[in-house]
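Participant: Sequence:
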Amino acid sequence: MASNVPSTRTEGLNGPNSMYVKLIANDGHEFIVKRELAYQAKTLKDMLESSPVQVKEDEPSVVHLRKVPSNALIVVCRFFAYKHIYDNATEMIPEFPTSHEDALDVFLASDFLRC
1 MASNVPSTRT
11 EGLNGPNSMY
21 VKLIANDGHE
31 FIVKRELAYQ
41 AKTLKDMLES
51 SPVQVKEDEP
61 SVVHLRKVPS
71 NALIVVCRFF
81 AYKHIYDNAT
91 EMIPEFPTSH
101 EDALDVFLAS
111 DFLRC
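Numbered according to our numbering, the sequence shown spans residues 1 to 115.
Think of the hints as simulated: they come from the structure by calculation, not from any bench.
Ideal Cβ placement from N, Cα and C applies to all residues, glycine included.
Just so you know, not all the hints are guaranteed correct.
With a straight-line cut-off of 30 Å between C-alpha atoms, the simulated DSSO-like cross-links for lysine-lysine are [stated by the list, open to error]:
(1) Lys83 with Lys67
(2) Lys67 with Lys42
(3) Lys22 with Lys34
(4) Lys22 with Lys45
(5) Lys22 with Lys56
(6) Lys45 with Lys67
(7) Lys22 with Lys83
(8) Lys42 with Lys56
(9) Lys67 with Lys22
(10) Lys45 with Lys83
(11) Lys34 with Lys56
(12) Lys42 with Lys83
(13) Lys56 with Lys45
(14) Lys45 with Lys34
(15) Lys83 with Lys34
(16) Lys67 with Lys34
(17) Lys42 with Lys22
(18) Lys56 with Lys67
If you anchor each label on the Cβ, the simulated ranges turn out as follows [said to hold, decoys possible]:
(19) His29 with Ser50: 23 to 33 Å
(20) Glu49 with Lys83: 16 to 26 Å
(21) Glu11 with Leu104: 17 to 27 Å
(22) Met92 with Pro16: 38 to 48 Å
(23) Asp102 with Leu13: 20 to 30 Å
(24) Ala103 with Lys56: 31 to 41 Å
(25) Leu108 with Gly28: 16 to 26 Å
(26) Pro16 with Asp87: 22 to 32 Å
(27) Thr10 with Thr98: 25 to 35 Å
(28) His64 with Glu11: 15 to 25 Å
With these hints in hand, go ahead and build the complete structure from the sequences.
Facilitator: Listed below in structure tokens is the structure:
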């Protein structure tokens, strides 16, 4: 999969070129994901790349998602990994598992995040 993420990533969570980003749901739950996976969501990419306040090298890359509950964000994060693995698959792709109870929250989160 071709990535739009620069290849000069620093390990860890700190700095504007960190390998990982922290996503914080509206209920305070935190999810740490690879930046290249988070960039699959256009809203996250825009937030991380065009933030009016640039992240300093010694500060973590954090996005507060006040519109997204953790039950939806965990599914979205799992979907990032699923999409990354199966995006260019030539074999049969397994169905992405999700629950009916979370369907509306996941739909609203994915719409907001544009993923």
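Participant: Taking the numbered hints from earlier one at a time, note which ones the structure violates and give those numbers from smallest to largest.
Facilitator: Of the numbered hints given earlier, the structure breaks just one, which is hint 21.
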